[in-house]
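Participant: Using the sequences plus the hints, can you model the full thing?
The chain contents come next:
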Amino acid sequence: MSFAILGILVLLAVVLGVVALVRRSSGATSSKPGDGADILVYLILALAMGVAGFALADLASIAFPGDRFVFDPAEELANSLAALLVSMPFVVFFWRRQAARREMFPASAGWTVYLSIMEAVFMTGFVVTASMFISGLLGGDSLSSWTGAVVFGAIVIFHEWAARVTPPLSDAGELRRVIGSAIGLGAASAGLAGTLAWLFEIGYEALGGVGIGLELDPWIGLVIVGAPVWWYRWRRPWDGQPGVPRVSWKVIAAVVSLGVTLAALTSLLVMAVEYVFGETAPAGQHFEASPLALALALTGAVVWALHRLRPETEPLPTQVYRYVMASIGLVATVGTLVTLTVRALDRSVIVGAGTADIMVLATVLLMGLVVWIWFDRHATRLDETGSPASWPRRIYTLGLGAIFGLVGAGALITTLFILLRRLLVPDATGSILWPGSIFVYTGLATWYLLSAYFRDRASAPPVEYVAPFNVTLICSHPGPIATMFPEQARLRVIYRDDDSGVIDDEMAARIVEEVGTRSSIVWVDADGARVAPVRAI
Amino acid sequence: MSERKIPGWVLPAGVVVLVAVLVVIALVRGPVALDPDTPEGTVQEYLLALSQGRYDEALEVVHEEWRGACEASDLEGFAQGDFSAELGNDAGFGQVREEFVGVAGGEEPPPTIPDDAVQVEVTIHHDPGAGMRSWSEFVVFELAPDDDFWWLVGDPWPYFVWSCRESL
Chain A
0 MSFAILGILV
10 LLAVVLGVVA
20 LVRRSSGATS
30 SKPGDGADIL
40 VYLILALAMG
50 VAGFALADLA
60 SIAFPGDRFV
70 FDPAEELANS
80 LAALLVSMPF
90 VVFFWRRQAA
100 RREMFPASAG
110 WTVYLSIMEA
120 VFMTGFVVTA
130 SMFISGLLGG
140 DSLSSWTGAV
150 VFGAIVIFHE
160 WAARVTPPLS
170 DAGELRRVIG
180 SAIGLGAASA
190 GLAGTLAWLF
200 EIGYEALGGV
210 GIGLELDPWI
220 GLVIVGAPVW
230 WYRWRRPWDG
240 QPGVPRVSWK
250 VIAAVVSLGV
260 TLAALTSLLV
270 MAVEYVFGET
280 APAGQHFEAS
290 PLALALALTG
300 AVVWALHRLR
310 PETEPLPTQV
320 YRYVMASIGL
330 VATVGTLVTL
340 TVRALDRSVI
350 VGAGTADIMV
360 LATVLLMGLV
370 VWIWFDRHAT
380 RLDETGSPAS
390 WPRRIYTLGL
400 GAIFGLVGAG
410 ALITTLFILL
420 RRLLVPDATG
430 SILWPGSIFV
440 YTGLATWYLL
450 SAYFRDRASA
460 PPVEYVAPFN
470 VTLICSHPGP
480 IATMFPEQAR
490 LRVIYRDDDS
500 GVIDDEMAAR
510 IVEEVGTRSS
520 IVWVDADGAR
530 VAPVRAI
Chain B
0 MSERKIPGWV
10 LPAGVVVLVA
20 VLVVIALVRG
30 PVALDPDTPE
40 GTVQEYLLAL
50 SQGRYDEALE
60 VVHEEWRGAC
70 EASDLEGFAQ
80 GDFSAELGND
90 AGFGQVREEF
100 VGVAGGEEPP
110 PTIPDDAVQV
120 EVTIHHDPGA
130 GMRSWSEFVV
140 FELAPDDDFW
150 WLVGDPWPYF
160 VWSCRESL
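Line order of the protein sequences matches chains A and B.
Position 171, counted from 1, in the first sequence is what numbering that gives the first Met the number 0 calls 170; the numbers after and before it change by one each time, with no gaps.
Position 146, counted from 1, in the second sequence is what numbering that gives the first Met the number 0 calls 145; the numbers after and before it change by one each time, with no gaps.
Rather than coming from a laboratory, the hints here were simulated on the basis of the structure.
Please note that a few of the clues may not be correct.
Here are some chain B residues the structure puts well away from chain A; computed CB gaps all over 12 Å [stated by the list, open to error]:
{"hint": "1", "residue": "Ala19"}
{"hint": "2", "residue": "Glu44"}
{"hint": "3", "residue": "Glu59"}
{"hint": "4", "residue": "Glu64"}
{"hint": "5", "residue": "Gly67"}
{"hint": "6", "residue": "Asp73"}
{"hint": "7", "residue": "Ile112"}
{"hint": "8", "residue": "Asp115"}
{"hint": "9", "residue": "Val117"}
{"hint": "10", "residue": "Gln118"}
{"hint": "11", "residue": "Asp146"}
{"hint": "12", "residue": "Asp147"}
{"hint": "13", "residue": "Phe148"}
{"hint": "14", "residue": "Trp161"}
{"hint": "15", "residue": "Ser162"}
Going by beta-carbon spacing under 7 Å, a handful of chain B positions derived as facing chain A [to be verified]:
{"hint": "16", "residue": "Val9"}
{"hint": "17", "residue": "Ala25"}
{"hint": "18", "residue": "Gln43"}
{"hint": "19", "residue": "Leu46"}
{"hint": "20", "residue": "Glu85"}
Glycine is no exception: its CB is placed at the ideal position from the N, C-alpha and C atoms.
Facilitator: Structural data, given as structure tokens:
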């Protein structure tokens, strides 16, 4: 018992020590906003809030019997109380401190970071527990976790209120809503896919197929919780133009959703090809995964439609999306081409080179090729209207080209190693088909991408880069000359004591032309202006 | 002097032609069919049966002394989904051997691998699909001749015999 008291005293001492240290080292009004200390304090607050939130949820679940199994109520109670005892003083102190600072420095980066962490942790907790609770209600399960949903939901609502009172400023302020919408979308789309798969499976079984036995309740729970969260976070009007978090998430959602749809459609095609060309189980059993694949394809299409990028209003994000899709298609094409070549030509392959295997590889390859060509062509067409090439195109051509080049170089080293080993070691074996085909195809991809990069560079108009230069002006009055130099000029004016060196518009234009972009000293007197170039420092 | 530009359709058309050529070559040559009376032929028969889910047929080429009371369902429990296999150790793996270790209990110890047994090295490639990372493993099969047939002995990949020998 005495150890327990000692432990509590030590913990209290730690809490009080930290509070005193923070008060002493960074007074509530002294340090600047957005600096490292502010973010650090918000991180401590996030940690304390996390511990307190989960301890409170645990406490609530112990308090309401029948909520879930409590293996050792006394032990869990002690754990939760101990965590609350330690974390709550931190929460109260740091919350009040940071609330006061937010009043004075509303553009704090730490506030944005803190809200985003809270959203990620507690919105996830809320969505998981609430969907489990609804699933339990639908399935007649008494072990539902409604206490978790209440506690986590309350914490989410509390932070929503705080964010409305002092909204995080700058583009990064969107991050919280973007994270919340991603959590909601993930839950809702998983739920939608599961529900659709369950429906399709009923139809499949009615046609004589054998399903994989999907359940409905968990998926319905995810839809009921995830869809409103996504709607509230994503569809509510936004303040101002889209910032980096919102645009990035839109690109990610569009790429992932279309990727899921294409992968699901490919798997359906593969099932059909395997059935036609291979020795498979009866159709009813062979196509057992088709309801799930169809559901995933439809869900991906719905999500894609909701996050579709429009080239007229969002040209740059559209280009990023198209080049990412083109990259995925090209990587899939090259990878599958290597496998197909080896399977077709290598006689040491004893499993995996049957007719069905070859036809499946050809199908996947053609899907990859279609994706690559489609997005490559569309992205290139949009890019040709601008000059020079956009940065997504430069990353696609130069970045992906360099990656393929490095892979090709590695494959060439392996090919040469195998050849030299076979020359030098009499009984050495090893096929060069794998590394050789990797070298050839990645080499071709590198050539295609890098030649596009150099073609872009050649067709773009030359860009003149001007280094900063200094101009020292000795005159009686500079007139408008400061507005006429290029922005790279750093102008210093030394005033004469007489009125003989005034610069008028005509003289200013002549001086600017004569100086050009060189560092110079300009002397103006009754005889006019003289320009003397000086060495740049 | 005008710049010669390759038309945009040439590249996709070239890839399609290449795919068609590879498919034709593969289909005309057909899959490799090793002599079933050789150790490699037995390994191919075993792996083909595994890859196509014919576990009872796969079990038939495991020597009964090592197979013990194992059934197709025991083998199915260790099945590892889609895979392809090629003879040899081209992936550069080191020599890794799986030792036959009996489960705890008083089961009969496994028989010793006979002196005239041979080894067949195989590289197995796993491709789980759906964007997940593929991987390869190097496997050594032990085969012993008996009654004019090369039987798999020991605990062949995917190493399932240890789990059911205790019921001997």
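Participant: Now look at each hint and say whether the structure bears it out.
Facilitator: Evaluation of the provided hints:
Against chain A, the non-interface label of Ala19 of chain B is violated: not every CB pair exceeds 12 Å, the least being about 8 Å. The beta carbon of Glu44 of chain B sits about 10 Å from the closest Cβ of chain A, which is not more than 12 Å, so the claim that it is off the interface is violated. Its beta-carbon lying about 17 Å from the closest one in chain A, Glu59 of chain B satisfies the requirement of being farther than 12 Å from that chain. Every CB of chain A lies more than 12 Å from the CB of Glu64 of chain B, the least distance being 25 Å, so the non-interface label holds.
No Cβ of chain A comes within 12 Å of the Cβ of Gly67 of chain B; the nearest lies about 25 Å off, and the non-interface call holds. With a least CB separation of 20 Å from chain A, Asp73 of chain B remains clear of the 12 Å interface cut-off, as annotated. A cut-off of 12 Å between C-beta atoms confirms that Ile112 of chain B is not in contact with chain A; the least separation is 23 Å. Every C-beta of chain A lies more than 12 Å from that of Asp115 of chain B, the closest at about 22 Å, which supports listing it as non-interface.
Residue-level check passed: Val117 of chain B sits 16 Å from the nearest beta carbon of chain A, beyond 12 Å. With a least beta-carbon separation of about 14 Å from chain A, Gln118 of chain B lies farther than 12 Å from that chain, consistent with its non-interface assignment. Distance check on Asp146 of chain B: its Cβ is at least 24 Å (rounded) from any Cβ of chain A, clearing the 12 Å threshold; non-interface status holds. Every CB of chain A lies more than 12 Å from the CB of Asp147 of chain B, the least distance being 22 Å, so the non-interface label holds.
With a cut of 12 Å on Cβ distances, Phe148 of chain B stays outside the contact zone with chain A, its closest approach being about 18 Å. Every CB of chain A lies more than 12 Å from the CB of Trp161 of chain B, the least distance being 24 Å, so the non-interface label holds. At roughly 23 Å from the closest C-beta of chain A, the C-beta of Ser162 of chain B stays outside 12 Å, upholding its exclusion from the interface. Evaluation of the Val9 of chain B hint against chain A yields a violated restraint, the C-beta minimum of about 11 Å exceeding 7 Å.
At a threshold of 7 Å, the smallest CB-CB gap from Ala25 of chain B to chain A is about 4 Å, leaving the interface hint in force. Here the hint on Gln43 of chain B is kept, as its CB sits about 4 Å from the closest CB of chain A, short of 7 Å. This hint holds: Leu46 of chain B has a C-beta 5 Å from the nearest C-beta of chain A, less than the 7 Å allowed. Interface restraint check: Glu85 of chain B against chain A, minimum CB-CB distance 5 Å, threshold 7 Å, status holds.
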